[in-house]
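Residue numbers (this note's numbering), protein chains in the order written: chain A, 1 to 113; chain B, 1001 to 1114.
If you're looking for bench data, these hints aren't it; they were derived computationally from the structure. Just so you know, not all the hints are guaranteed correct.
What the hints assert, rightly or not - Restraint ranges, calculated between C-beta atoms of paired labels, are given here: (1) S1058(B) / I13(A): 48 to 54 Å; (2) Q1081(B) / D18(A): 45 to 51 Å; (3) S27(A) / N1053(B): 23 to 29 Å; (4) Q1017(B) / K70(A): 43 to 49 Å; (5) S1030(B) / N5(A): 30 to 36 Å.
Said to hold, decoys possible - For lysine-lysine, the following DSSO-like pairs were computed, each having C-alpha atoms within a straight-line distance of at most 30 Å: (6) K1044(B) / K51(A); (7) K70(A) / K1044(B); (8) K51(A) / K1027(B); (9) K1027(B) / K1051(B); (10) K70(A) / K51(A).
Note that the structure is predicted; figures quoted are calculated from it, not measured. Each residue gets a CB set at the ideal place from its N, CA and C atoms; glycine is no exception.
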Amino acid sequence: GQQLNQSPQSMFIQEGEDVSMNCTSSSIFNTWLWYKQDPGEGPVLLIALYKAGELTSNGRLTAQFGITRKDSFLNISASIPSDVGIYFCAGQLLDNYGQNFVFGPGTRLSVLP
Amino acid sequence: NAGVMQNPRHLVRRRGQEARLRCSPMKGHSHVYWYRQLPEEGLKFMVYLQKENIIDESGMPKERFSAEFPKEGPSILRIQQVVRGDSAAYFCASSTRRVTGELFFGEGSRLTVL
């Protein structure tokens, strides 16, 4: 089946540092979504991307839809303790009549004070 | 505008009992997805439904698991004769349409099988 690779798997950073994570696939997607999940909660949608090359910001978060439509990255600037959590990327496939959202395994972010 | 509502949030069952998890999608959403998540792991697709139809159940075990999304009422994920390995968080998500849609998640139902 379709797969998404996320890197890094986990990261430990100091408060105030910038964070960068990415998502890659061998498949072409028509939508990229980035989610954050806090412990014991459901994933929350952070950013949605719909066009190749699109760069979208949401506060300190910035995400881009790769030109090849096979990747996306998420940047977090000036990290704070509440950024701790698991970040999932999801791609939505073209021409798939079944379930068409594919999720990455997640990047676990820890922020040290 | 209420989000995706799931209940119960926590459910404890003994082996062999049945578990029923409910999901009410966001208003105006007719596409429902169920995912399963084990501790420290990612989201595993189970089933995708539209009103009264199962579109894709390729991620759902053939035995003991079933899902429905009736014309009226919530979507239900049903697990019969639960075993310890069914203990997990089950998340429901909904979207307005299949193509270029955004997926919104509920808070999840955490099933513990004793």
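Going through the hints against the structure:
no., hint, verdict
1, S1058(B) / I13(A): 48 to 54 Å, "37 Å, violated"
2, Q1081(B) / D18(A): 45 to 51 Å, "50 Å, holds"
3, S27(A) / N1053(B): 23 to 29 Å, "25 Å, holds"
4, Q1017(B) / K70(A): 43 to 49 Å, "45 Å, holds"
5, S1030(B) / N5(A): 30 to 36 Å, "31 Å, holds"
6, K1044(B) / K51(A), "26 Å, holds"
7, K70(A) / K1044(B), "21 Å, holds"
8, K51(A) / K1027(B), "26 Å, holds"
9, K1027(B) / K1051(B), "13 Å, holds"
10, K70(A) / K51(A), "12 Å, holds"
The structure fails hint 1 only (numbered hints given earlier).
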